[in-house]
Amino acid sequence: MELFEFAFFQKAFLACLLAGTACGIVGVWIVIMKISFIGVAISHAAFAGALFALVFDKPVIFFSFLFCLAACAILGPLSDKGHLHPETSIGIIFSSTLGMAFLFMGLLPEGKSQALNLLWGSVLTVGAKDIGLLAVTSVAVILAVVLFFKEIQSVIFNRELAKASGIAASIFFYFLLVLTGAAVSSTLQSVGGLLVFALIINPAAAAYQITYSMKKMYFLSVFFAVFSGWTGLFAAAAFNLPAGASIVIVSSAVFALAVIFSPKRTAKKVF
Amino acid sequence: MKRKISFENVSVGYMSETVIKDLSLDIAEGDIVGIFGPNGAGKTTLLCAVNGLARVLSGNVYIEGRKVNKLNGNVLRKNIGYVPQHFEIDSKLPVISEEVILMGSYGRLGLLRYPNNREKLLLDEFVGMLDMSNIIKKPFGQLSGGEKKRVLIARALMQAPSVMLFDEIFAWLDRDMVKSFTDVIIKLHKSNNLTTLIVSHDMHIIRKICPRVIWMEKGKIIMDAGRDEFLKKIRESDGII
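Chain order of the listed sequences is A and B. Taken in order, the first sequence gives residues 1 to 271; the numbers are from the numbering used here. Taken in order, the second sequence gives residues 1 to 241; the numbers are from the numbering used here.
Hints listed in this document are in silico derivations from the structure and should not be mistaken for laboratory results. Any given hint could turn out to be false.
[Claimed, not checked] Stretch-level coverage of chain A by chain B, calculated; a stretch enters the list once three of its residues show a Cβ under 8 Å from a Cβ in chain B:
{"id": "1", "stretch": "147-161"}
{"id": "2", "stretch": "186-200"}
{"id": "3", "stretch": "209-215"}
[What the hints assert, rightly or not] Derived SDA-like pairs: lysine to any residue, alpha-carbon spacing no greater than 20 Å straight-line:
{"id": "4", "chain 1": "B", "residue 1": "Lys92", "chain 2": "B", "residue 2": "Ser144"}
{"id": "5", "chain 1": "A", "residue 1": "Lys129", "chain 2": "A", "residue 2": "Phe172"}
{"id": "6", "chain 1": "A", "residue 1": "Lys216", "chain 2": "B", "residue 2": "Lys138"}
{"id": "7", "chain 1": "A", "residue 1": "Lys216", "chain 2": "B", "residue 2": "Lys137"}
{"id": "8", "chain 1": "B", "residue 1": "Lys92", "chain 2": "A", "residue 2": "Ile260"}
{"id": "9", "chain 1": "B", "residue 1": "Lys70", "chain 2": "A", "residue 2": "Gly76"}
{"id": "10", "chain 1": "B", "residue 1": "Lys2", "chain 2": "B", "residue 2": "Glu64"}
{"id": "11", "chain 1": "B", "residue 1": "Lys138", "chain 2": "A", "residue 2": "Lys11"}
{"id": "12", "chain 1": "A", "residue 1": "Lys11", "chain 2": "A", "residue 2": "Phe234"}
{"id": "13", "chain 1": "B", "residue 1": "Lys138", "chain 2": "A", "residue 2": "Arg265"}
{"id": "14", "chain 1": "B", "residue 1": "Lys148", "chain 2": "B", "residue 2": "Asp174"}
{"id": "15", "chain 1": "A", "residue 1": "Lys34", "chain 2": "B", "residue 2": "Lys92"}
{"id": "16", "chain 1": "B", "residue 1": "Lys148", "chain 2": "A", "residue 2": "Glu160"}
{"id": "17", "chain 1": "B", "residue 1": "Lys148", "chain 2": "B", "residue 2": "Phe87"}
{"id": "18", "chain 1": "B", "residue 1": "Lys92", "chain 2": "A", "residue 2": "Ile210"}
{"id": "19", "chain 1": "B", "residue 1": "Lys148", "chain 2": "B", "residue 2": "Arg175"}
{"id": "20", "chain 1": "B", "residue 1": "Lys21", "chain 2": "B", "residue 2": "Lys2"}
{"id": "21", "chain 1": "B", "residue 1": "Lys138", "chain 2": "A", "residue 2": "Phe157"}
{"id": "22", "chain 1": "B", "residue 1": "Lys78", "chain 2": "A", "residue 2": "Phe234"}
{"id": "23", "chain 1": "A", "residue 1": "Lys34", "chain 2": "A", "residue 2": "Ala256"}
Note that the Cβ used here is the ideal one computed from N, Cα and C, for glycine as well.
Can you make the complete structure from the sequences, with help from the hints?
Shown next as structure tokens:
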């Protein structure tokens with residue numbers, strides 16, 4: 001408990017709570033819509049944006065968010081109007097942003113340590129600005145779910161049926177992608193461009209194994225994400241491990257346990 | 001009789017393929033019309049043109065005199081119930097059947113408004129009518145094909161629509177289920193004062209439910225006639241009935 005006497009640990013603890021909340025909620029949308037690869041694509045877009053900012057000496061957070069938004073803005077129409085499956089358009093964004101990230105990394109005038117920090121994240125060194133950004137994103141994501149629960153439920157259940165019943169399904173789909181981008185870019189500094197993907201998918205996938213209620217799935221997913229963050233943080237402090245990697249390993253363990261003890265394992269298969 | 005749905009020289013397509021070609025059609029309010037034809041005739045595309053989900057390449061579709069376009073599509077669709085042909089879903093999906101039914105009311109209710117007593121009453125009415133009391137608390141993904149179709153019909157009815165579109169809802173159902181669905185559709189059509197379009201390639205169902213039949217082939221209407229004339233044409237063409 002003496003860890004809490006340190007300001008850096010207090011900030012890290014708070015960052016895990018906020019990042020876990022945002023990623024846990026966003027993960028529910030991603031897992032139910034079965035577009036898990038979107039996390040990878042958007043996180044690489046954020047990474048490329050951050051590297052772009054480093055190369056040209058611009059604000060890192062702003063440009064990572066801008067690249068995320070651009071990726072999201074392209075993903076939706078590509079899958080809608082380009083007659084491509086969402087997974088295909090996500091694959092295109094993923095490879096393009098990865099290429100850009102390596103290009104900007106090659107152009108970095110100084111060492112690569114800054115770039116690697118963005119890739120792996122560093123929850124123990126988050127600043128007040130990062131916490132503020134995480135808080136804004138978490139509140140935005142929570143508000144979206146509270147205010148538009150029924151529209152979001154309908155769209156992630158089935159976009160075509162949602163549209164057929166008079167819901168602006170495409171607008172809500174893009175809205176969810178943009179919020180996903182916001183969650184990814186705001187957690188870039190703390191969890192890292194690579195590891196944020198696990199924090200989005202693993203807790204939501206674990207919750208998916210346990211409940212048939214979407215409301216409960218939101219709560220469970222957030223609980224698992226925050227629990228993974230805090231447990232990973234304590235494990236990192238206790239055993240001198242990298243915090244980001246510890247968080248991801250805990251979230252993977254939570255998923256494995258959820259699969260093993262899932263009440264849905266015995267559910268009948270319907271063909 | 002007041003015109004409910006009108007097609008004026010409508011062509012509809014997906015990517016480079018034109019599925020419906022220069023089709024004109026009027027459907028009056030309160031009609032119950034069967035859309036008959038072989039696979040690939042453009043029957044489903046015709047339904048999707050009515051609710052604005054298909055890409056109209058040329059011509060105009062009107063609902064109650066209002067032209068369907070991208071801007072008013074969502075508004076018009078609130079009044080059009082649609083039951084799709086295929087509906088694949090993960091059996092573990094965290095949504096129970098009652099929620100799926102209520103989702104039908106979400107577009108009509110609009111933003112920041114949630115189902116209230118009216119929706120609860122409608123839900124109870126449709127659950128009774130479609131004999132679903134034993135399934136509404138079950139996860140939707142765990143239902144059988146026939147049960148899922150019942151839920152999707154109730155979902156479409158929750159929109160309180162004036163037009164209902166049924167796309168091959170009898171496919172893969174056993175004889176008892178077909179009989180039950182047929183009775184339900186006739187009852188719903190009458191009690192809710194609907195204009196109903198039923199796509200099917202089963203002439204027995206079409207003949208039982210629909211006084212008017214539109215026969216489509218290769219994206220065109222080859223016959224638009226009453227039930228008796230339709231049956232006569234069937235007999236003449238291949239002598240099946």
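Hints, one by one, checked against the model:
no., hint, result
1, 147-161, "holds (count 10)"
2, 186-200, "violated (count 0)"
3, 209-215, "holds (count 5)"
4, B/Lys92 - B/Ser144, "holds, 14 Å"
5, A/Lys129 - A/Phe172, "violated, 29 Å"
6, A/Lys216 - B/Lys138, "holds, 16 Å"
7, A/Lys216 - B/Lys137, "holds, 15 Å"
8, B/Lys92 - A/Ile260, "holds, 15 Å"
9, B/Lys70 - A/Gly76, "holds, 17 Å"
10, B/Lys2 - B/Glu64, "holds, 8 Å"
11, B/Lys138 - A/Lys11, "violated, 44 Å"
12, A/Lys11 - A/Phe234, "holds, 13 Å"
13, B/Lys138 - A/Arg265, "holds, 16 Å"
14, B/Lys148 - B/Asp174, "holds, 14 Å"
15, A/Lys34 - B/Lys92, "holds, 13 Å"
16, B/Lys148 - A/Glu160, "holds, 16 Å"
17, B/Lys148 - B/Phe87, "holds, 9 Å"
18, B/Lys92 - A/Ile210, "holds, 9 Å"
19, B/Lys148 - B/Arg175, "holds, 17 Å"
20, B/Lys21 - B/Lys2, "violated, 25 Å"
21, B/Lys138 - A/Phe157, "holds, 16 Å"
22, B/Lys78 - A/Phe234, "violated, 52 Å"
23, A/Lys34 - A/Ala256, "holds, 19 Å"
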